[in-house]
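Novice: Sequence lines, in order, name chains U and C.
Every letter in the first sequence is one number past the one before it in this note's numbering, and letter 42, counting from 1, is 42.
All you need for this note's numbering is the position in the second sequence, starting with 1, plus 114.
Possibly wrong hints are sitting among the right ones.
Calculated lysine-lysine pairs in the BS3-like style (CA-CA distance at most 27 Å, straight line) [said to hold, decoys possible]:
(1) C:Lys214 to U:Lys11
(2) U:Lys15 to U:Lys57
(3) C:Lys175 to C:Lys214
(4) U:Lys57 to U:Lys17
(5) U:Lys11 to U:Lys57
(6) U:Lys57 to C:Lys163
(7) U:Lys57 to C:Lys214
(8) C:Lys182 to C:Lys163
(9) C:Lys226 to C:Lys175
For the record, the hints were derived by calculation from the structure and aren't laboratory data.
Just so you know, these numbers come straight off a predicted model, no measurement behind them.
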Amino acid sequence: GAGVSQSPSNKVTEKGKDVELRCDPISGHTALYWYRQSLGQGLEFLIYFQGNSAPDKSGLPSDRFSAERTGGSVSTLTIQRTQQEDSAVYLCASSRSRTSTEAFFGQGTRLTVV
Amino acid sequence: AQSVTQPDIHITVSEGASLELRCNYSYGATPYLFWYVQSPGQGLQLLLKYFSGDTLVQGIKGFEAEFKRSQSSFNLRKPSVHWSDAAEYFCAVGVTAGNKLTFGGGTRVLVKP
Numbered sequence: 001g002a003g004v005s006q007s008p009s010n011k012v013t014e015k016g017k018d019v020e021l022r023c024d025p026i027s028g029h030t031a032l033y034w035y036r037q038s039l040g041q042g043l044e045f046l047i048y049f050q051g052n053s054a055p056d057k058s059g060l061p062s063d064r065f066s067a068e069r070t071g072g073s074v075s076t077l078t079i080q081r082t083q084q085e086d087s088a089v090y091l092c093a094s095s096r097s098r099t100s101t102e103a104f105f106g107q108g109t110r111l112t113v114v
Numbered sequence: 115a116q117s118v119t120q121p122d123i124h125i126t127v128s129e130g131a132s133l134e135l136r137c138n139y140s141y142g143a144t145p146y147l148f149w150y151v152q153s154p155g156q157g158l159q160l161l162l163k164y165f166s167g168d169t170l171v172q173g174i175k176g177f178e179a180e181f182k183r184s185q186s187s188f189n190l191r192k193p194s195v196h197w198s199d200a201a202e203y204f205c206a207v208g209v210t211a212g213n214k215l216t217f218g219g220g221t222r223v224l225v226k227p
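Just chain U, same shape as in the assembly:
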């Protein structure tokens, strides 16, 4: 596609439920990043995928968070047993390669946990 696509754009879920957020990167981009943007914490790195290498999960806040990238393209961020503090905008970005100097961001998924 022309840009990074994220779905859904908005998600409201009940506390304790699991949610899946999807990111479709720019075609041909091998690097994919997830960030979280929240009022209290600002913009935080979550996880990074590069090709077939093991992902860098160093930013995941707890073991309730996980992510997959299937076939080197689409990525899914899963949050299990959601808590109110998980409410945030989840941003996905992709870049041409690990050494590329520019990442292109999607418009994000706004998650609200009630």
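Given chain U, put chain C in place with the hints provided.
Specialist: Below, chain C without anything else, positioned relative to chain U:
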């Protein structure tokens, strides 16, 4: 670990006036430095970046930034702002050429007519 500070949370500027947004970073070596802009309801758009070489870098939309190693700063400037520049601006630092970034808290810019 690296960190980024944007001292100004909000800035109000008149249309046509100049704008300067401050960014200070903490890192032991020369980092990779970025400025991003986020318009309401939008994702982040890269304005400019610094890796090495000329310390004054030009970006899109008429923005420029100057890297000052002695001050650990990377301030963003625009000589004359337009109403469309109203947005939130983020400074970010990376320690490799990739995009695993540490962001500052952001500066929200309001443009008065």
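Novice: Does each hint hold? Answer for all of them.
Specialist: Each hint tested on the structure:
no., hint, result
1, C:Lys214 to U:Lys11, "26 Å, holds"
2, U:Lys15 to U:Lys57, "24 Å, holds"
3, C:Lys175 to C:Lys214, "24 Å, holds"
4, U:Lys57 to U:Lys17, "22 Å, holds"
5, U:Lys11 to U:Lys57, "23 Å, holds"
6, U:Lys57 to C:Lys163, "25 Å, holds"
7, U:Lys57 to C:Lys214, "11 Å, holds"
8, C:Lys182 to C:Lys163, "14 Å, holds"
9, C:Lys226 to C:Lys175, "18 Å, holds"
Checked against the numbered hints given earlier, this structure breaks none of them.
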